[in-house]
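A.B. asks: Chains as they are written, first to last, in this note's numbering: chain W, 198 to 310; chain R, 1235 to 1345.
In case anyone wonders, no lab produced these hints; they're calculated from the structure.
There may be inaccurate statements among the hints.
The calculated DSBU-like cross-link candidates involving lysine-lysine, where the alpha carbons are at most 35 angstroms apart (straight line), are [as the list claims (entries may be wrong)]:
no.	chain 1	residue 1	chain 2	residue 2
1	R	K1239	R	K1337
2	W	K276	R	K1337
3	R	K1305	W	K277
The residues making up each chain are set out below.
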Amino acid sequence: SQTIHQWPATLVQPVGSPLSLECTVEGTSNPNLYWYRQAAGRGLQLLFYSIGIDQISSEVPQNLSASRPQDRQFILSSKKLLLSDSGFYLCAWTLGPGNSPLHFGNGTRLTVT
Amino acid sequence: DQQVKQNSPSLSVQEGRISILNCDYTNSMFDYFLWYKKYPAEGPTFLISISSIKDKNEDGRFTVFLNKSAKHLSLHIVPSQPGDSAVYFCAARNSGYALNFGKGTSLLVTP
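If we strip away everything but chain W, and leave its shape as in the complex, we get:
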């Protein structure tokens, strides 16, 4: 069966510091991968999605970037964090654009101080 791992679970970083959040999927190949963010009191906002290695689409211009160094690995990064980057970051995967649901990891709670 497929599983998705995200780490770390929680992170406290000062303003201006770099960020690297990792996500890996096991038990499947060539998944579509996604990064979402849930800010306080808000819904789930799509940040990036990838349908293959070196194929990454950005949905919201911002202080973050994403990379997919391997088929089942998705990384969310920032060179310099802002206070507004605080939130709950969720990685997700699915197979194909058809009628299949996204499956989410357990998320990373990021607090920028």
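For chain W, the structure is supplied; the task is to place chain R on it using the hints.
C.D. replies: Same frame as chain W, but now just chain R:
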């Protein structure tokens, strides 16, 4: 631009009664709709989905209804249980790769 809207931020229901969570959307190209359940500090868990060619899908205590003309869908939970207390997100896709989510409705089921 919020294309998926959940206008009720919270809902309280007594155990054993029906919970009805509502969702409206603006994009007529959406053809696949989903409901997710989320507990604090966890990722959302897929609950139930419906294709735009249907108007109802049922899975145990959970039923999703779709009214395309009104661009409205709802999730019915019968009977409601205390373990159903969570935030419920409505989501929609337009044949692409990503889901558009609403802001969520916090459901509280009281004993």
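A.B. asks: If a hint holds in the structure, say so; if it doesn't, say that too.
C.D. replies: Now the hints, each set against the structure:
Pair hint R/K1239 plus R/K1337 holds up; C-alpha atoms about 7 angstroms apart against a cutoff of 35 angstroms. At most 35 angstroms may separate the alpha-carbon atoms for a hinted pair to count; W/K276 and R/K1337 meet this at roughly 29 angstroms. Only pairs whose Cα atoms come within 35 angstroms are accepted, and R/K1305 paired with W/K277 is rejected, the gap being roughly 41 angstroms.
When the structure is compared with the earlier hints, a violation turns up for hint 3 alone.
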